[in-house]
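K.L.:
Below, each chain spelled out in residue letters.
Number of protein chains: 2
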Amino acid sequence: MKDVRIVVCGLGNVGKAFVELLAERAPDVEARYALRLVLAAAVDIGGAAVCDAPGGLPARELLAHLHAGGRVEGFGKFGRPGLSGPEALDAAAVLVEATPTNLTDGEPGRTHIVAALRRGREVVSANKGPIVLFYKELLELARQNRCGLHISAATAAALPTLDVARVCLAGSRILSVEGILNGTTNYILSRMRAGGAAYETALKEAQQLGIAETDPRKDVGGFDTAAKLVIIANVLFGPSFRLEDVPTQGITGVTPEDIARAGKDGEVIKLVGSAERVGGEVRLRVAPQRLKATHPLASVNGSEKAISYMTDTMDRITVSGGKSSPVGAAAALLKDLINAYV
Amino acid sequence: MKDVRIVVCGLGNVGKAFVELLAERAPDVEARYALRLVLAAAVDIGGAAVCDAPGGLPARELLAHLHAGGRVEGFGKFGRPGLSGPEALDAAAVLVEATPTNLTDGEPGRTHIVAALRRGREVVSANKGPIVLFYKELLELARQNRCGLHISAATAAALPTLDVARVCLAGSRILSVEGILNGTTNYILSRMRAGGAAYETALKEAQQLGIAETDPRKDVGGFDTAAKLVIIANVLFGPSFRLEDVPTQGITGVTPEDIARAGKDGEVIKLVGSAERVGGEVRLRVAPQRLKATHPLASVNGSEKAISYMTDTMDRITVSGGKSSPVGAAAALLKDLINAYV
Numbered sequence: 001m002k003d004v005r006i007v008v009c010g011l012g013n014v015g016k017a018f019v020e021l022l023a024e025r026a027p028d029v030e031a032r033y034a035l036r037l038v039l040a041a042a043v044d045i046g047g048a049a050v051c052d053a054p055g056g057l058p059a060r061e062l063l064a065h066l067h068a069g070g071r072v073e074g075f076g077k078f079g080r081p082g083l084s085g086p087e088a089l090d091a092a093a094v095l096v097e098a099t100p101t102n103l104t105d106g107e108p109g110r111t112h113i114v115a116a117l118r119r120g121r122e123v124v125s126a127n128k129g130p131i132v133l134f135y136k137e138l139l140e141l142a143r144q145n146r147c148g149l150h151i152s153a154a155t156a157a158a159l160p161t162l163d164v165a166r167v168c169l170a171g172s173r174i175l176s177v178e179g180i181l182n183g184t185t186n187y188i189l190s191r192m193r194a195g196g197a198a199y200e201t202a203l204k205e206a207q208q209l210g211i212a213e214t215d216p217r218k219d220v221g222g223f224d225t226a227a228k229l230v231i232i233a234n235v236l237f238g239p240s241f242r243l244e245d246v247p248t249q250g251i252t253g254v255t256p257e258d259i260a261r262a263g264k265d266g267e268v269i270k271l272v273g274s275a276e277r278v279g280g281e282v283r284l285r286v287a288p289q290r291l292k293a294t295h296p297l298a299s300v301n302g303s304e305k306a307i308s309y310m311t312d313t314m315d316r317i318t319v320s321g322g323k324s325s326p327v328g329a330a331a332a333l334l335k336d337l338i339n340a341y342v
Numbered sequence: 001m002k003d004v005r006i007v008v009c010g011l012g013n014v015g016k017a018f019v020e021l022l023a024e025r026a027p028d029v030e031a032r033y034a035l036r037l038v039l040a041a042a043v044d045i046g047g048a049a050v051c052d053a054p055g056g057l058p059a060r061e062l063l064a065h066l067h068a069g070g071r072v073e074g075f076g077k078f079g080r081p082g083l084s085g086p087e088a089l090d091a092a093a094v095l096v097e098a099t100p101t102n103l104t105d106g107e108p109g110r111t112h113i114v115a116a117l118r119r120g121r122e123v124v125s126a127n128k129g130p131i132v133l134f135y136k137e138l139l140e141l142a143r144q145n146r147c148g149l150h151i152s153a154a155t156a157a158a159l160p161t162l163d164v165a166r167v168c169l170a171g172s173r174i175l176s177v178e179g180i181l182n183g184t185t186n187y188i189l190s191r192m193r194a195g196g197a198a199y200e201t202a203l204k205e206a207q208q209l210g211i212a213e214t215d216p217r218k219d220v221g222g223f224d225t226a227a228k229l230v231i232i233a234n235v236l237f238g239p240s241f242r243l244e245d246v247p248t249q250g251i252t253g254v255t256p257e258d259i260a261r262a263g264k265d266g267e268v269i270k271l272v273g274s275a276e277r278v279g280g281e282v283r284l285r286v287a288p289q290r291l292k293a294t295h296p297l298a299s300v301n302g303s304e305k306a307i308s309y310m311t312d313t314m315d316r317i318t319v320s321g322g323k324s325s326p327v328g329a330a331a332a333l334l335k336d337l338i339n340a341y342v
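One line per chain: the protein sequences are A and B, in this order.
According to this note's numbering, the first sequence is numbered sequentially starting from 1.
According to this note's numbering, the second sequence is numbered sequentially starting from 1.
Treat each hint with caution, since some may be false.
[As the list claims (entries may be wrong)] DSS-like cross-link-like pairs, simulated, lysine-lysine; straight-line CA separation at most 25 Å:
#1 B:264 - A:264
#2 B:264 - B:292
#3 A:2 - A:16
#4 A:218 - A:16
#5 B:264 - A:292
#6 B:218 - B:136
#7 A:136 - A:218
#8 B:204 - A:292
#9 A:264 - B:292
#10 A:218 - A:264
#11 B:264 - B:16
#12 B:2 - B:16
What the hints contain is simulated information worked out from the structure, not anything from laboratory work.
Keep in mind the model is a prediction, meaning the values are calculated, not measured.
Extracted from the complex, chain A is given alone in its bound form (with noise of 0.2 Å):
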């Protein structure tokens, strides 16, 4: 049995989802993993919870104190006010960093995972925002220090992207990418599709069922698939890509007449962000692509996402589902975190 002490960095949806999980699935995983997971420092914005204690925070009682209203720093004899994430480290083997994706600066979860780098601890990354803009630093940060950036959660969260490239396709060659990496404009396009809906009018059921955000250029802008693509990208390829190298169009211009032109032609329209191989380079590349209905993303609907990857051996892979939600993330960073000590 190996004891593995874990400091989560941000307390949003996904934080507490991953925190619940931890509660619910400890005695699982000590069973099938011999890996006793313990909470040993909770991060939010205004400082922390910590304990040192071997069985660590009692987490099911932190997340009532949250749920309740309650700030983590005020967590009765375990809050530290204005206890930091890079502070909250000395605790802890693991890093789970789950503080919003910034794609600016990367903060604070950029500072966060490299302080934990920089002190040899294994770091689980739900955050995009610091491994889309500074992947190549922060990788070579883990190499120096012998530990490992595991970022599931931020790629598809529970949809495996970069698991199955590693593991799955060990030894063949990946000649071309294709993604259906975000929910929200799959089932934008699904919806007007099969009911023939405007654009707005898809986008409002989306919004209204919590599919889309009431903000939601990062996602039908095409964004949201942009930086996935280029996290994958630089783990696949080589970590040289960047946002602003990536053409992205988005999902907003593409009309009822659109689809039924393509639906005439036995095809279907889906955002794809797509890596190909072209002479010596990789261009990557989103935008709404018609699809024959034979294609292994064609039959990918409502908000379901998929990967599809061409290989020279294997010919082609494809993976699609995995939930689109917090418990779908929180899932993401368990597994890496299993798979980080298994």
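On the provided structure of chain A, position chain B as indicated by the hints.
P.N.:
Using the frame of chain A, we list chain B on its own:
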């Protein structure tokens, strides 16, 4: 750089494709994984070829010799007439088992695998026989000798099934498994649906294309699907499942009328191998099933395969594709080999 010396048992289509892949990929595997894969010995029914030198056997020359109709034990100065698989193991750290599947007593693969595990060798098997019949014993032997038993190539080859469950779903609970695990039957059903062809016509076409074997009973009777399902269930749910416990119905009774009737309800008929938790136990079954058009296996057509996992925290994850060919199986062997050392 780590040297990995390999003995390949069985030089049929898969064994030869693996030797070819090894020759072609060695430089790439060295560069990407810091592994030097060395073909130390190759064994077939009449003997072996062995080379103790650091570089191992000249793989391309061996292949040319075999393609010209030569036998492995007659391969110049390397030939060892009468040398058996277990005897050849001295030369290597890994057994790649690629002799034909035998679902009666698992031989000769069983003897090779047992001998390898007893000596602490890693085993990578494309041979389903010993895995279906003796998984529990082999797993125990692997544990006792602290070595790995890697069986991707025995469970749908280049379609990743067990990898996805083990790595991508780590920490989640698998509630059910559904798979289209046999390319031949899926091809026949797809042709019956698309062209309205009778079963016999579609089978003949598949035989002409080399997709179905001259004696198709193991495929169309559902037994190949059942064998793969038993392997998957033994790995995922505990090693207690036997082939004879799986109610198995093939596709020979499926008529064009059945398919048309399903089509009218918006459904398709697929040969599905399934494992489902019912109460405290897991029930396996192989049968033609009507699937709704929205089911992720419904759009898997032609000779393609797929597996779909329903989980508690990640929802449904489906993988499809993967070349159904000796090259695909060889790629799965190479993948397992790399993952055993990386």
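K.L.:
Look at each hint and say if it fits the structure.
P.N.:
Comparing the hints with the structure gives:
1. B:264 - A:264: 21 Å, holds
2. B:264 - B:292: With Cα atoms ~11 Å apart, residue 264 of chain B and residue 292 of chain B stay inside 25 Å; holds.
3. A:2 - A:16: Given that 25 Å is the threshold and the Cα spacing comes to 24 Å, the pair holds.
4. A:218 - A:16: With a Cα-Cα distance of about 23 Å, the restraint between residue 218 of chain A and residue 16 of chain A holds, given a limit of 25 Å.
5. B:264 - A:292: 23 Å, holds
6. B:218 - B:136: 24 Å, holds
7. A:136 - A:218: It holds: about 24 Å lies between the C-alpha atoms, which stays within 25 Å.
8. B:204 - A:292: Not satisfied, since the Cα-Cα distance of roughly 28 Å exceeds 25 Å.
9. A:264 - B:292: 23 Å, holds
10. A:218 - A:264: Cα-Cα ~30 Å, so violated.
11. B:264 - B:16: 46 Å, violated
12. B:2 - B:16: 24 Å, holds
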